[in-house]
Every structure is written in structure tokens, then in C-alpha cells.
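Position 228 of the sequence shown, counting from 1, maps to 228 under the UniProt record's numbering, and the rest follow consecutively.
A couple of the hints might just be wrong.
Here are the simulated lysine-lysine pairs, DSSO-like style, with alpha carbons at most 30 Å apart [stated by the list, open to error]:
hint, residue 1, residue 2
1, Lys383, Lys453
2, Lys642, Lys781
3, Lys375, Lys314
4, Lys290, Lys781
5, Lys386, Lys452
6, Lys383, Lys452
7, Lys680, Lys642
8, Lys383, Lys290
9, Lys454, Lys375
10, Lys390, Lys454
11, Lys746, Lys680
12, Lys314, Lys386
13, Lys680, Lys670
14, Lys314, Lys172
15, Lys390, Lys453
16, Lys452, Lys390
17, Lys453, Lys375
18, Lys172, Lys781
19, Lys749, Lys680
20, Lys386, Lys375
21, Lys642, Lys746
22, Lys642, Lys290
Label-pair ranges, simulated between beta-carbon atoms [stated by the list, open to error]:
hint, residue 1, residue 2, range
23, Asn325, Val364, 41 to 49 Å
24, Ala679, Thr712, 25 to 33 Å
25, Ile508, Ser599, 58 to 66 Å
Hints in this document: simulated from the structure, not taken from any laboratory.
Beta carbons are placed, not taken as given, at the ideal position from N, Cα and C, and that holds for glycine.
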Amino acid sequence: MEDPQQKPPEDNPESSQNIYPKLSDTEADEEEQVERPKTSTEMFIPFWVSIIVLGLGMLLFYAGTVAFQALPNIKLIAEEQDNPDAFIGERARNMLREFVNIGPKVVGSEANEVLAVEFLLREIENIQSISHSAHTIEVDVSNHDGSFFLGRLPYSSVALYHELQNVIVRVKPSTGPTPAATLLVNSHYDTVPTSPGASDAGIMVVVMLETLRKIVQIRTPMRHNIVFLFNGAEEIGLKAAHGFITQHPWRHNVTALVNLDSTGNGGREILFQAGMDMAYAYNGYVYHTKFDRFETIHEGTYQHTGDNVLALVKGMANSPELDINADLGTGSVVFFDFMGWFMISYTEVVAMIINILIAILQFVIIGFSMYLMAKNEGVPFKKVFKELIKVLIAHLVSIVVGIGLCFLLMVIYDAAGRPLSYYSELWLLYGIYFSPFYLGLALGPMLYFTLKKKHPLTVSHEVQLFLHSHALLLSVLLIITTGARIRSAYIILVALIFYCASSGLSTIFRLVNHRRLGWIYFHIIGLVLPFIFSAYLCNVAFTTFIPMAARIGPDQYPDLVIAAFCSLIAIFLGGFIVPLIGLCTRRWWVYGGIFGLFSVVGIILLATPVGFPYRAETSPQRYWIFHTNRVFYSFGDDSIRKSDSGYMLLPMDRNSQPSFIQSYVPEMEKALPVEEDCAKEIFCGIPLYRSSMTSQAQFSHWIPASEPYLNTSVTLTRIINQIPAGRLAFQVDGPSRMAIYIAPAKGLKITNWSFHPDIPQWRIPGMPDRTGYFIARTAGKTNRPYSFWIELDTPTDWPENTPQVSIGIVGHFTYHDEQITQDFRRFLDSFPDWAEVTPWMVGYRVYEF
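Let the hints inform the model, and build the full structure from the sequences given.
Have a look at this one:
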């Protein structure tokens, strides 16, 4: 920044100075008239410096992006001789290529139940052959049956499973007593339909294999047992993991867990919670799609994850803290990484002490700074304090206006049919939400310096008061979040620590009153690291949550969340920068530049294809489409009261209405909403895949079509023989993935059943006077007919020939591409390349008893 100019902000640029007169002088500059008792010389920053500041801000923001995306070079197999203890990323990559070539590994399919298991056992056998004699390696392929409740009311379900497989490896010392404690390392090898699962979670599987290889080559045994659990049924509701942790003998004495998963496609893994739950979030656009491929994973991912997991497993397996009777500290812990450079962690008690001390220190520094201002200007401290209150109110109003602008624009964009416009082009966010917020945030200083005719302090002092006001707000917020035991208060703490340092140094060296704005240099230097840190957190959040915005359902407002987050992060990125606009010459030009940037981006968003949310392969729009045959049976004689076939469209995002894609897919003109059926048929008469979809059922659509081909019948048969009185027993037959709906008649409820000891009370969407139950049944290695029973609280005077319960069964053929009919194939092929369709066939039957 070049030397400040000695002129008022709105004066002729050629003027070189402005000597402020005493209050009695009526010829003072109209904008900057003051009531100070002595003359002073004001210094201002040339307006064009704001362009440099903007450029530096963008550069620093990019630095935060680079810090988040930085990955190490991959270690090659040829380098292993020189690095015998190192994780070899190339070997993991080679294994993943072979593993992904198996294709989608859906529970119940040959790919998952046979080929994937064979791959794992082969690699484990190779590892056993080179292991050191200090270790004993035990291998088990287990099968599990069981049930549990999954999800939360009112959309939870009974998760029922049969013959699900796990491949499990236990490493323990070859000599001496078997250690009591066990470290569990877990990931899954199954995938969702259509996806090869390179990142979710194939790469984690091969990282575990390479980690196992390196562990068993160490010449000394571990302090604790290590169990590597390759579980074969995670994508259908964590069922194989439940089977292990409730049934397998190696589950005993597990004292710590390292869980490895993905919601993205490689990159830097993120520690989501201190159950050591680590997952990828980068490039979540392709998560659970056919684009989660081997080719899209950066090779540095293997090394970064492998280095971390190997070091973590070795450290934890030898840690005395994992002992069964270890004396561990209690209480929660604050932990975060600083831009990927290092980890910081401390107890919640320490966090409370640090947070409160920093807040108090900030109050003290601001108070002393104001004292120096008052002394320099020859005015009472009380007058400076009153000025701070006025500035604080102006700053608060500015923040509210900025947030209000963001939410107003969110409503306008949504009403105009432009939600998720930033989905593929994240830079649009800076015009869509960041610029409007800064327009509001800058409005306070702009109006304060323009409209107020008398200033008891210099403009430099007034700008410092705006900065102090922001620090006061953050300090109060830090105290509140600390009192509420919100451990993410560290985000506020980082910003305050650096402002404490910069404002404290300026105060100590008496730069608060420096004629040539000496304080501003400390201030700007103090902004660099917290700005990069905020940019780093912004990248983590955008990378994680924006891809999720296109799969949270049509009833949600993703832009509402994004607008709120943009406002929040903008406070940390610009809260200590925007008030500096008061020191600029021609400050309205600077303000106009912010408005111009916002306007240009708004025009781009609303009037050009740039604002279209989706892109082929990189950021597609998701569709779940089931080619369905529905049969509804009458009560009593089992006659068919209704039968039809068609394509069931389950909505995934805010743009899921058929009209959005109708110009590409003409058959969308035939789409019928199912909302009216919700009042007539249980669960809206549609074949749900999981219970959480009940919240979106009323937004689904039905397109009449020809009948699907199903190579397995979907039937429900009532069992009559040897059944106790008052009990209804049934047998279900169908594919390996099925759902069972049970809806007692109005006024009745289930008192006992065979699924689970507990019986929750759920409500059916669209039928508030009836309870409903959702059972998700999965078969793994072997699929057989399944029997169950229920008991109802039917009163003795229940009318004859009146149904007591409705039962629906849904058969999902999730891995039978050979069953796709020509009509269905033509329908799928009509979708544009930016649409990712997950299709399968469904048989749906509804009975009354």
C-alpha cells in the first residue's frame, strides 16, 4: 500500500491535505465537519487500493483452497526397499484398480457375496505369506442374521437382515498371553446400485489391506489386538457392522474404533467425530453415482490417507490408553486442524479458560485504546464510549441488513426457478450471497461517515471503533458459545486471538493515534492467517455440504442453508476488512464496485446458462426411477381391485419436478403426482426403498408405462396351520432386498410381532389416524422365503368382514440390469447427459386381512 493521501474521502483527488478546524469554524468540509478542540491532519487511502485489497483477498482465499487440497506424492513399490516401514500408495492403487473392475457390489449379488470376498481373501493370504513370526493372523468369513431399529422417529424402520457376510482379520502376538484390549478398524466393500464404489469405500478397503501388510511386517508385536473388519453390507443401513458388533466373538473388549468411509471421491479425508470416524468429502458430486470411478481419484489420496491410517493404527495399537482398565481423563475435547498443517486439541475445561481470558483481554485492549483516543483528542472518555455505542449499533444494523439481503435474494432466486444455481460453479456464490452481505455490512460505515455531520474523533479513530465493535461482538459471541458448551467456538477464538495481537501491539506502541495510520499495518498483517484459516474452513464446508444439497429432497431449501453459511463465513472473512472502507477516498466508488460485482453475477445467474446447476459427469442431477408393477388386492376374496405399471420417480432435490427436465424427456408430460394417493393408500401407494423416503413420498410422481420384467415373483402368503389364536402369520417371497409395510386399521395397533422386541408407534404419511410400520429386509449370501407374525389388539366386537390390517410388500431388484425392458431402456436413454439416473425394477403388492 502506497503512502496515504492527506485529503478527505470525497474531496478533489488533486487536493493534498485537509486541516480540520475547531468546532466553531463553520466553513469546515460538509462531510467531515468535526467538533474536536484542536486541529488535526487526516490521512486517507486512495480508492484504487481497494482493488489491490480485493486481489490480495482472492489470493489468500486461494491459499486456503490450496491448503485444503494439498496432497503428498505417491510412494512407489520400487521405493519400498528404501522405505520398508512406509505405506506404499502405488500398491494400494493397483489393488483398487482390480477391486473396482468387479463392478457394483450390491448386497445379495454375486459381485458382492462371491467376487469381492474372493478378492479380499486372496489379498489377505498374500499378506499372511510375508508376515513376521511375531504376529498371529486369524481370518474369518462370518454370516449374520439379526434386526435393529434404524433412523429416528417418525421415519425410522426395523432393519432386518439374513446371511450378511463380513471378512474379518485379527492380528495378535504369536507368543505370550493374548492382549485383553482390541482396536477395531472398519470399512465396507459393498456399494450402492450402479456405482463401482472406487471411493465409497473401495479405496478405504485397500488402505486397510496395505496397513495390515505393514503392521504384520513389524518385528515386534502390538500391545493390543487389532481387528480389521471388512464389512459387506453398509449401504443398506449398517447391517453387517451390526451383525459383527452384536454377534461375533472378536467383538469383545473393543476399546477403540477407526472407521473409514466416504461421502466424496478421494482427496483429503476429514475427521468427522472423535470415534475416529474419517471420511472423504471432496467431490461429493459423484458420491453414490456411476462416476465414483478409479480414474477420478487423485493419486496423492492413497498416500495421504495411507500415511495417516498407518500411523494412527500403529500409535493406537501400542497406546496404554486402550488398556481395559486405563485411567482416562473425562470430559469432551476440542480438536481441529490448522489448515492441514498440524492438529490442535485440548480439553473443554481448557477451552473455557482460554476463551474467557481472550474475551476479557479483548475488552481491556479496546478500553485502553479508547482511553488513548480520548487523551489524544482532548475529549472525555465518556464521549468516546458513547461514540463506540453508536458505532456498535450501526455495525449491528449493517450485519442484519446484510443477512436480510442474502435471505431476500434466496427467496427471489427460488421463486424464479433458480435454486442451486451455484451448484456447479461455486464462484457464483461470491456474487449471489457474499457480495450482498458485504453491501449490507459496508452500508453502516458508509452512511455513518456520510450523514453524520459532527465527529468528535478523527476518521481513523472512528474506523478503529468499527473494528473494535466487530471484536466486541465476536467476544460476546465467544462467551455465549462457550457457556453453551459449543466446542466449535474455536472458529471465533482464532479470529479474536489475532485481532487481540494486532490491536494490542498498536495500543502498546501508541499507534492508535498515529497520524499516518501506523496501526493499519499491524491490523492487516494480523488478518492474514485468520483469513486463510477462514478460507480453509469455507472450502471444507462448501466441499462437504454443497454436493449434499442436491440429494436432500424437494421439500428442503438448500439455498437457505447456503445463504446462512455464506453470511456466517463472510463475517469472519470480511468483518475486520469492510469497515476500512471509511478510510478510502471516493468511498462511494468503492461501494459501487461491490454493487457492480453483485449485479454482474446476478445477471450471469439469471440470464445465461452459467447459472444452470448441473454438468455432465462432474456434477450431475440425480434421479431415482423404479420400473414398477403394482397390484392391490381386495379384502376377503383376494380379487384385484387395482393393478398398473409405470415409472416411479422419487425426488432427490429442489429441481426434481418433472417440468424441469420435460424438454429432454417427453414422457414427463404424463407424470402424475401421487399426493392424492397418500390419503387412499398406505405409504402413498409407492414402493419406498428406505423409511426416510416417507417424508418425500408426497412429492413423488408416477408415469404410466408397460409392465416390467421380474424374474422372481413377489408374494405374500398367509400361514394358517398351527398358528395360535389371535396371531396372523405370513411368508414373504421375493428378491434379496424387500420392504414390508404394516398398517393396522384405524383404532388398532400391534401388540406383539416377530421382528424385534420393541414396537414403536409410527404415523403413516397422509393418514394421521393410522399407525404404520416399515420393515427393511435384506438377504445376503443366500436368499430364502421369510416368515413373520403379528398380533393386534382387536376388540371382541370388531365387525365381521372388516379388514384389521393392510400389508404391503415391495421387492427391489437392484442388481438385475438384464431385466431392463426395451421401453424402460429407451426412457432412460432419453435423459440428458447431465442427469444421473439410478434405475431398477420393483414389484409391489398390497393385501388386506
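Hint check, failures only
The structure conflicts with hints 2, 3, 8, 12, 22, 25, although it agrees with all the remaining ones.
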